[in-house]
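Residue-level listing of the chains:
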Amino acid sequence: MASLAMKANELVKWFGEGDAKTHAVREVSFEAYFGEMLYIEGPSGSGKTTLLSMISGILRPNSGTVTVEDKEIWSLTADELAAFRLHTVGFVFQDYHLFPRLTTIENVAIPLILKKLEWNESMNIAMQYLEVVGLKERAHLTPVKLSGGEQQRVAIARAIASRPDILIFDEPTASLDGDTGRRIVDFVKKNILNEKRCILIVTHDSRIFEYADRIMKMEDGKITGVTRGGPNEK
Amino acid sequence: MKGILKLAYKLLVNDKGKFAALLVGITFAVFLMVMMTSMFAGILYRSSSTVINIGAKIWVMDPAVNTVVSSIPMPDYILDAVRSINGVKYAVPLYSGGALVKLRSGVYQSVTVLGLDDTSLFGRPELIEGNIADIYADNAFVVVKDSEFPKLENPKLGAEFEINDHRGVVVGIAKVTTGGLFGIPTLYTTYKRAIQYIPSTRYTISYVLVEPKSADAVQYIKQQVGSLGYVALTADEFKQRISNFYKYQTGVGTNVLLMTIISFIVGLSISGQTFYTFILENLEKFGALKAIGAKGKELVYMILFQATFTALTGYGLGIGLASLLIALAKLRLPSYAAKIAYANLGFAFIMVLIIAGVSSYIGVRKVIKIEPFDIFRG
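Note that the protein sequences, when read in sequence, are chains Y and F. First residue of the first sequence? That's 1 in this note's numbering, and the numbers climb one at a time after it. First residue of the second sequence? That's 1 in this note's numbering, and the numbers climb one at a time after it.
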């Protein structure tokens with residue numbers, strides 16, 4: 001049986017006060033396991049990005065807990081939370097957020113530099129991860145000279161460079177055409193997912209549902225159902 | 001930390017347009033501030049040129065004197081009275097006044113005449129041509145070879161001129177530490193000849209130059225001179241009095257101060273605005289760094305480093321540019337009175353640090369406030 005990667009318990013988040021108060025997430029509880037690719041799916045405004053932010057130590061919930069490696073992350077200080085994000089969580093943002101003034105390899109090395117590794121050592125490790133995503137030859141180009149799919153792979157290389165236990169993708173196929181999107185997710189499933197890593201993907205792109213181990217459906221801030229991934233299991 | 005700073009460095013310099021704009025802003029500000037303050041320092045330095053060149057430790061004068069050229073003649077007995085003060089090693093008179101000389105070509109030229117004590121020649125300049133003993137010859141004058149020397153038609157030893165219907169002969173050509181402020185040549189002669197050749201009032205001593213027996217005696221000498229109704233100032237005090245006059249009573253100081261403040265504001269505006277734009281454009285990226293795991297203080301270090309690096313580079317360029325311009329100006333205009341002193345450099349450095357501080361404060365405030373959640377939300 002796969003071991004527990006993280007556990008969210010009764011998470012609640014609202015924005016605004018009084019008449020403007022909006023509940024983004026309402027008492028959501030779930031567990032994610034190592035070795036699985038868990039999708040959070042739902043329409044815009046359903047609260048999936050807010051949920052993702054709370055479980056990754058970015059957005060403090062109004063109530064509820066998130067436990068990773070037996071630690072309740074929202075009891076950590078700001079610096080400890082930053083260290084948690086650096087060492088335990090890897091992010092692939094929707095718009096990648098690559099630094100246009102840095103080369104591809106420097107972008108990938110950012111988490112390693114933040115981990116206080118020497119510059120040259122960071123570059124060597126970053127090159128290894130660029131090789132993993134098949135972009136070794138593009139190492140010294142700036143991101144603007146890469147295609148959307150290549151930029152996505154650079155973002156993946158950056159996210160896995162710090163060897164995180166939990167990898168979070170925010171709408172990974174939103175800026176890509178269907179084929180490229182599927183290729184990327186297929187690549188992630190085959191090369192990045194392993195027994196010691198859990199991947200959480202926020203998406204509403206049904207074309208990549210076939211790669212999910214589980215799909216958690218959200219609506220109005222609540223989980224409305226969990227299904228297995230793959231066209232035959234839906 | 002080194003890696004983070006290198007990252008900050010690359011983020012800064014790889015954005016060539018913004019980096020250039022930042023450098024231009026700070027370089028321009030430093031250039032203007034250094035030029036303004038150097039010009040002022042040069043003016044102040046030159047305004048005390050006689051005090052510097054004569055080299056006396058104590059100057060006795062009328063209390064109303066503000067600058068060397070505005071001396072108020074004192075009666076002869078003051079010299080004797082000063083000489084009799086306990087603690088005075090020796091005291092000599094100095095004549096300082098202006099005159100018109102008629103050159104061989106028939107051209108009239110204003111000059112400053114300094115009459116040195118006949119016995120000691122105390123305060124005499126260093127001769128580069130001629131013999132100092134020749135100053136005792138008839139009609140003898142020593143000409144200072146400074147930036148104003150050509151105005152006397154580059155006289156050689158033996159050259160003659162007219163001064164108040166008296167014949168003057170150049171017996172020596174001298175050099176001094178610094179030229180004067182007013183763009184007129186300087187002639188040295190003996191005290192007796194000076195007061196004989198140049199019409200003056202009943203009293204003739206411009207200053208009494210005093211050498212104290214020891215540093216401890218200075219205060220007592222000042223008290224005793226004060227009791228005579230005159231004032232005794234050390235060379236530094238006299239220079240300070242001259243500086244204060246130009247700073248506070250001529251408007252020069254106020255104008256230079258205003259120009260310096262304007263330079264500072266221009267520099268601050270350009271670099272502050274550009275740095276703010278730079279931070280705004282990179283705000284999402286800083287947010288992404290925060291989401292990835294950068295601590296708030298690490299982002300602050302990055303911004304401080306970027307601001308400081310830009311400020312110091314701009315400072316160096318500004319100083320270099322100002323030095324170059326002053327050097328070029330002095331090649332063309334030997335009397336150009338600009339002087340880069342440590343105080344100017346220190347002042348500009350502090351101003352640049354303030355520019356860097358204010359610019360980075362704006363950036364830090366923005367970056368500290370950015371929530372990584374905003375990056376997710378898009």
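Hints in this document: simulated from the structure, not taken from any laboratory. Be aware that one or more of the hints could be misleading.
Calculated cross-link-like contacts (lysine to aspartate or glutamate; reagent style EDC-like; alpha-carbon spacing at most 20 Å) [unchecked claim]:
#1 F:57 with F:126
#2 F:57 with F:281
#3 F:297 with Y:177
#4 Y:145 with Y:121
#5 Y:7 with Y:72
#6 F:10 with Y:121
#7 F:175 with F:216
#8 F:295 with Y:177
#9 F:285 with Y:177
#10 F:295 with Y:36
#11 F:366 with Y:79
#12 F:2 with Y:95
#13 F:285 with Y:79
What follows is a set of in silico ranges between Cβ atoms, one per label pair, in the way DEER data are often shown [stated by the list, open to error]:
#14 F:327 with Y:87: 53 to 59 Å
#15 Y:87 with F:361: 42 to 48 Å
#16 Y:78 with F:312: 49 to 55 Å
#17 F:328 with Y:121: 26 to 32 Å
#18 Y:87 with F:328: 55 to 61 Å
#19 Y:124 with F:325: 16 to 22 Å
#20 Y:60 with F:341: 44 to 50 Å
#21 F:327 with Y:77: 53 to 59 Å
#22 Y:14 with F:361: 29 to 35 Å
#23 F:354 with Y:20: 50 to 56 Å
As the structure is a prediction and not an experimental result, all values here were calculated from the model. From the three backbone atoms N, C-alpha and C, an ideal C-beta is built for every residue, glycine too.
Between residue 87 (chain Y) and residue 361 (chain F), does the beta-carbon spacing fit 42 to 48 Å? Violated - the Cβ-Cβ distance for residue 87 (chain Y) and residue 361 (chain F), about 31 Å, lies outside 42 to 48 Å.
Is residue 7 (chain Y) within 20 Å of residue 72 (chain Y), Cα to Cα? Holds - the C-alpha atoms of residue 72 (chain Y) and residue 7 (chain Y) are around 9 Å apart, at most 20 Å.
Outcome of range test on Cβ distance (residue 327 (chain F), residue 87 (chain Y); 53 to 59 Å): Given range 53 to 59 Å: holds, Cβ gap about 56 Å.
Outcome of range test on Cβ distance (residue 124 (chain Y), residue 325 (chain F); 16 to 22 Å): 48 Å, violated
Assuming the hint says 53 to 59 Å, is it satisfied by the Cβ distance from residue 327 (chain F) to residue 77 (chain Y) or not? Because 56 Å falls inside the window, the suggested range holds.
Range first: 29 to 35 Å. Now tell me if the beta carbons of residue 14 (chain Y) and residue 361 (chain F) are that far apart. 33 Å, holds
That 44 to 50 Å hint for residue 60 (chain Y) and residue 341 (chain F) (C-beta), does it hold up? 55 Å, violated
Does residue 295 (chain F) pair with residue 177 (chain Y) here, judged by a C-alpha cut-off of 20 Å? 35 Å, violated
Pairwise beta carbon distance, residue 328 (chain F) to residue 121 (chain Y), judged against the given window 26 to 32 Å: 49 Å, violated
Given pair status - residue 126 (chain F), residue 57 (chain F), alpha carbons within 20 Å: Given pair residue 57 (chain F), residue 126 (chain F) holds - Cα atoms ~18 Å apart, limit 20 Å.
Mind checking the alpha carbons of residue 285 (chain F) and residue 177 (chain Y) for me, to see if they're no more than 20 Å apart? Measuring from Cα to Cα gives roughly 25 Å; hence the hint is violated.
Verify the proposed pairing of residue 2 (chain F) with residue 95 (chain Y), using a straight-line Cα cut of 20 Å. 28 Å, violated
Hint violations for this structure: numbers 2, 3, 4, 7, 8, 9, 10, 12, 15, 16, 17, 19, 20 and 23, all remaining hints satisfied.
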